[in-house]
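Participant: Which chain is which? The protein sequence lines are A and B, in order. In short: position in the first sequence from 1, add 1058, done, that's the working numbering. In short: position in the second sequence from 1, add 1058, done, that's the working numbering.
Hints are not guaranteed to be accurate.
The list cannot tell twin chains apart, which means a pair is met if one copy fits it or any two copies do.
To be verified - In silico BS3-like links for lysine-lysine, alpha-carbon gap of 25 Å or less:
id: 1; residue 1: Lys1140; residue 2: Lys1296
id: 2; residue 1: Lys1382; residue 2: Lys1454
id: 3; residue 1: Lys1401; residue 2: Lys1436
id: 4; residue 1: Lys1296; residue 2: Lys1159
id: 5; residue 1: Lys1140; residue 2: Lys1419
id: 6; residue 1: Lys1436; residue 2: Lys1454
id: 7; residue 1: Lys1471; residue 2: Lys1117
id: 8; residue 1: Lys1387; residue 2: Lys1061
id: 9; residue 1: Lys1454; residue 2: Lys1400
Hints in this document: simulated from the structure, not taken from any laboratory.
There are 2 protein chains.
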Amino acid sequence: MAKRNAFYAQSGGVTSVINASAAGVIEACRANKDNIGTLYAGQNGILGALHENLIDTSKETPTAVASLKHTPGGAFGSCRYKMRDHNEDSSEYERLVEVFKAHNIGYFFYNGGGDSADTCLKVSQIAERMNYPIQAIHIPKTIDNDLPHTDCSPGFGSVAKYVAVSTKEASLDIASMCASSTKIFILEVMGRHAGWIAASGGLAAEQAGDPPHIIIFPEIPFSRDQFIAKVDATVKDKGYCVVVASEGAKYADGALVSGSLHKDAFGHQQLGGVAQTLASMVKNSLGHKYHYALADYLQRSARHIASKTDVDQAYAVGRGAVEKALEGKRGIMVTIERGTGKKFSWSLGEAPLSKIANVEKKMPRAFITKDGFGITAKAREYFQPLIMGEDYPPYKNGVPQYANLKNILVEKKLKEGFEG
Amino acid sequence: MAKRNAFYAQSGGVTSVINASAAGVIEACRANKDNIGTLYAGQNGILGALHENLIDTSKETPTAVASLKHTPGGAFGSCRYKMRDHNEDSSEYERLVEVFKAHNIGYFFYNGGGDSADTCLKVSQIAERMNYPIQAIHIPKTIDNDLPHTDCSPGFGSVAKYVAVSTKEASLDIASMCASSTKIFILEVMGRHAGWIAASGGLAAEQAGDPPHIIIFPEIPFSRDQFIAKVDATVKDKGYCVVVASEGAKYADGALVSGSLHKDAFGHQQLGGVAQTLASMVKNSLGHKYHYALADYLQRSARHIASKTDVDQAYAVGRGAVEKALEGKRGIMVTIERGTGKKFSWSLGEAPLSKIANVEKKMPRAFITKDGFGITAKAREYFQPLIMGEDYPPYKNGVPQYANLKNILVEKKLKEGFEG
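Given the sequences, and given the hints that come with them, work out the whole structure.
Facilitator: Quick look at the structure:
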């Protein structure tokens, strides 16, 4: 069989290391020129395939490709696009296969989270049904760390490090202000369904009693009374209180803590945010002066403080996807397996996509302290290695120098554009 | 005259480099043991002097003192405390002089912003009136960069670097999401009266058209229509729009943009924040999906990404204060003077406190583009050197290792406590 081309796309919310995975894929393809033709990248994720907007990665210099390893965001564009349900209408998947056929694409590398794993699986299945041979391999990525069958998800470790470092730094700030001013600091972090990111704030603490004093997990039903009591006790004991709160914090009835207080001038419900809502509660109950920060995109794009472990793993899963494809694998996700020894180690593994798609890995209850406001030693053992090591980008004029790709599109071969 | 002791205190909002100034003071005092006795630090700023809570810095090891150079926050505690008006009631100032007398303190080093410069001046004047010889010297510190007669204020350069880096990183994130999702990203930064910090977001741009596309300064009256028009044009041109907004943004009538839309469930006016308010405007006018981040304390405690220039200057003004005291100077603030050559250089100078106290340095209009939404080349020339260089703290277990002082209080000599 003639040498076939490959396709790579980035999907969903980007991370500070998803481009390291891209670099892994590109460099591994280049190292296997005898077996793999051109690697095309989808412009804006899977939309690039649907619209036949394919970026020719062979036009990029080795230096540009290497610089992806220290560049946050999605260098080829990502997307939030929900594919139509293939049971009701498989036309989108069929369109993908048509585009792949037109460009002799035999390898489909898809870099994303749980939803993307499902897309990857469907591509694999429908191509098979259409009798078009393609090796679909999923490359894990999500700051939410909720992919199953992998020790962690690339992207998470760097967010975790950002949150741990920021929590530690802001804690020193408030500790020095609390005698006469601000007594409460709340950091709101991402994680709509799982508390992995909020939990990582706990790594700021070196000893029992160190900040953060309270972590708010989506997994633990929020109790206003318990929260206020804990803030009160902490301020009485330490003079101040540091809180790391997940945006997904919920009451026992499932209602989000955020957005529950505020309407804007136009009467629209505002997602005022968890931090803001918690701060209001504290102010109204205890009267303390507060500050809060909303890390938002800063946390997932903070390549300047990325975890070396995370960068290495992100690159490795990219390379690994190509290598596994060359071994004939298909319909799998590349996974990270933690070694069992006392010293942290990891290697690549794989899991069938059927076991990955649409499964969400929550924080184990054993990772959360009994009172629901902290992380356990067991959690710490899991999290600690994931934030280890620094991997600074190069700087010029005081700011990091990030990749600047040419992103040249190849000529379209199909007459009809996709009407998505 | 017998060898006299010295007093040092940190005042107001802390920065990521105020402890570098502390290290400069301590190390310079230690290097001049023949002339200066013990250096006491005020616990929680000037409150430490009023309450006779004096920390004996001689108990700290040289290693601990050196580690202050890479530790954010205020290592001895800071405070927000408004001294009573000395014209109406000078008892607080007299109390300070009493404490200084009791501990044979002949040097008063005060590390803060404009208000603190005023306190420092008053201490100098009242001590003189009370016939107690003391050399009061002010050490500049404020992230707001609004102190006059100095090229910049230590603390500012590091916030500026944080804001520039964060803006650049988040811009890459949104650029990769905008095709199918978020189109607006707003970063809210500090600076209630002056736009120096917001302006520094402009350093994220390397070429015309690069993000941030809009900067909102407190100096420029905010116009909703002009803002929305600029967002609309930017999204049409670039596909997305990045905004850096100062918390102090105001309408022409002086009303803050923040807090103008929201009330909480209890009917209290909420300082909902500028970013949130601007995001609501965009959503309601243009319908775009948005994200916003509120950097809050993270920006002023982010020692992990401090500017090397800023760290060096912060340390130098601390050392310089002691050296100038030994030259017999009093009633001055140590200043930073920029060299006139093409290559950036700086040295220390001084200015009389009477010219510093209660004067606020605003952004020159020439630093802001004609349309009021960006920074000029002239501004860039000023800002650029201040964020140059990285000065990473040491890491352990994935997080920075910051100073851990003993902070041992000396025995009180005065019977009566201060009833402040």
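Participant: Evaluate each hint against the coordinates.
Facilitator: Results of checking the hints against the structure:
1. Lys1140 - Lys1296: between (48 Å within a copy, 24 Å between copies)
2. Lys1382 - Lys1454: Neither, since 38 Å and 35 Å both go past 25 Å.
3. Lys1401 - Lys1436: Classified as within; 15 Å inside a copy, 53 Å across copies.
4. Lys1296 - Lys1159: neither (65 Å within a copy, 32 Å between copies)
5. Lys1140 - Lys1419: For Lys1140 and Lys1419, only the intra-copy Cα distance (21 Å) is at most 25 Å; the inter-copy one is 52 Å.
6. Lys1436 - Lys1454: Classified as between; 19 Å across copies, 41 Å inside a copy.
7. Lys1471 - Lys1117: For Lys1471 and Lys1117, only the intra-copy Cα distance (19 Å) is at most 25 Å; the inter-copy one is 76 Å.
8. Lys1387 - Lys1061: This pair counts as within: shortest intra-copy Cα distance 17 Å, inter-copy 80 Å.
9. Lys1454 - Lys1400: Result: close only across copies, 18 Å inter versus 40 Å intra.
Hint compliance for this structure: hints 2, 4 are broken, all remaining hints hold.
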